[in-house]
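S.K.: Sequence order for the protein chains is D and P.
The numbering of the first sequence is the numbering used here, which starts it at 174 and goes up by one.
The numbering of the second sequence is the numbering used here, which starts it at 825 and goes up by one.
Hints in this document: simulated from the structure, not taken from any laboratory.
Just so it is clear, the structure is predicted and the values come from calculations on it, not from any experiment.
Note that beta-carbon positions come from the ideal geometry of N, C-alpha and C, so glycine has one too.
Please note: incorrect hints may appear among the correct ones.
Claimed, not checked - Among the chain P residues that face chain D by a calculated CB cut under 8 Å, a handful are:
#1 Ala828
#2 Gly858
#3 Lys863
#4 Glu870
#5 Ile872
#6 His893
Spelled out, the chains give:
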Amino acid sequence: MDQAMAPEDARTEDTWTVSGHTFRSRLIVGTGRYKDLEETGAAIAASGAEIVTVAVRRVNLSDPKAPMLQDYVDPKKYTYLPNTAGCFTANEAVRTLRLAREAGGWNLVKLEVLGPPPLLYPDMRGTFEAAEVLIKDGFEVMVYCADDPLAAKRLQDMGCVAIMPLGAPIGSGLGVQNPAMIGMMMEHITVPFLVDAGVGTASDAAIAMELGCTAVLLNSAIAHAKNPILMARAMKHAIEAGRLAYLAGRMPRRMGADPSSPLTGLIR
Amino acid sequence: MRDALTLVLNGERRQFETPDQGPLSVLGLLTELGLDSRKVAVERNEEIVPRSGYAETKLSSGDQLEIVHFIGGG
Numbered sequence: 174m175d176q177a178m179a180p181e182d183a184r185t186e187d188t189w190t191v192s193g194h195t196f197r198s199r200l201i202v203g204t205g206r207y208k209d210l211e212e213t214g215a216a217i218a219a220s221g222a223e224i225v226t227v228a229v230r231r232v233n234l235s236d237p238k239a240p241m242l243q244d245y246v247d248p249k250k251y252t253y254l255p256n257t258a259g260c261f262t263a264n265e266a267v268r269t270l271r272l273a274r275e276a277g278g279w280n281l282v283k284l285e286v287l288g289p290p291p292l293l294y295p296d297m298r299g300t301f302e303a304a305e306v307l308i309k310d311g312f313e314v315m316v317y318c319a320d321d322p323l324a325a326k327r328l329q330d331m332g333c334v335a336i337m338p339l340g341a342p343i344g345s346g347l348g349v350q351n352p353a354m355i356g357m358m359m360e361h362i363t364v365p366f367l368v369d370a371g372v373g374t375a376s377d378a379a380i381a382m383e384l385g386c387t388a389v390l391l392n393s394a395i396a397h398a399k400n401p402i403l404m405a406r407a408m409k410h411a412i413e414a415g416r417l418a419y420l421a422g423r424m425p426r427r428m429g430a431d432p433s434s435p436l437t438g439l440i441r
Numbered sequence: 825m826r827d828a829l830t831l832v833l834n835g836e837r838r839q840f841e842t843p844d845q846g847p848l849s850v851l852g853l854l855t856e857l858g859l860d861s862r863k864v865a866v867e868r869n870e871e872i873v874p875r876s877g878y879a880e881t882k883l884s885s886g887d888q889l890e891i892v893h894f895i896g897g898g
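Next comes chain D alone, as it looks inside the complex (with noise of 0.2 Å):
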């Protein structure tokens, strides 16, 4: 786990850092699926996101002038993280990190190598042989993952810098379905930990961030909410609500009450 420690007054900032780079939002939101490049701006403006994960595409050449993704979400003010959505062989996930390099310059990425649908449930096998080459590549690898100890264990000692296993299904708006296991898994983890799919809405992010996450990356919940900026700033509130009460740590579950108020002096 992230060794920042609980701020112990307001100077203290609490900040988290993935391969030398370092943040203080908590939450990375993805850039797809709005209704139009202007809603996705003010979203991702009011989630207070610094890292913005971004997907590599053909350029349409029957409309060279359409307006592009720069022009809304400011590579300069934002770290685009680039993205392999869509690949489902290690080999298109090399090519498509490659181009991504060399369109914005950046060695961090986000590695996913899918298996099918309707599940697109990370293929490891896809994904260990296309981190080994970009690792080798030179790139800063954030990976999305199973929820498996061992395969992220591996993936670590790899040397991907941050380990993203999924809460539930990309895009299924699930919540977090695996809280144990999610747990069990950052024991053996000392890079950045993320829950990388499957918030749905506030409470799921701020679950993750309770059971001590580094970071939260969603993209769905935003986009696919009713009012997408309202939701962006419920997601900014919720993992910082999630990431204090993980730094406050819980009170323990008692089966049965434990009065607040003290049962002395009571009248008769």
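With chain D's structure known, arrange chain P on it following the hints.
M.R.: Okay, now just chain P, sitting in the frame of chain D:
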């Protein structure tokens, strides 16, 4: 009649004329297509073309090019 150059761009076969100054470069192609070279990346026959090499990289008939950019994604 100048030589015709056949390229496969993003999976589509397209014909270009070879410019008077000599073979078409990647930079020349991007200009011809109306693309901002700072916002795209180019792969030629599955090999990355470094941005610094757009002007020097000359294209030949049959080359397969992928021209990509960033779009919204999760």
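S.K.: Determine for every hint whether it applies to the structure shown.
M.R.: Verification of the hints:
Contact between Ala828 (chain P) and chain D, as hinted, is not supported at the beta carbon level, the nearest pair being about 18 Å apart and thus beyond 8 Å. Contact between Gly858 (chain P) and chain D, as hinted, is supported at the beta carbon level, the nearest pair being about 4 Å apart and thus within 8 Å. For the restraint placing Lys863 (chain P) at the interface with chain D, the shortest Cβ-Cβ distance is roughly 6 Å, inside the 8 Å limit, so the hint holds. Interface restraint check for Glu870 (chain P): the shortest CB-CB distance to chain D comes to about 7 Å, inside 8 Å, so the restraint holds.
The restraint placing Ile872 (chain P) at the interface with chain D holds, with a minimum CB-CB distance near 5 Å, inside the 8 Å limit. Hint status for His893 (chain P) relative to chain D: holds, with the closest Cβ pair at about 5 Å, below 8 Å.
Hint check: a violation occurs at hint 1 only; the rest are consistent with the structure.
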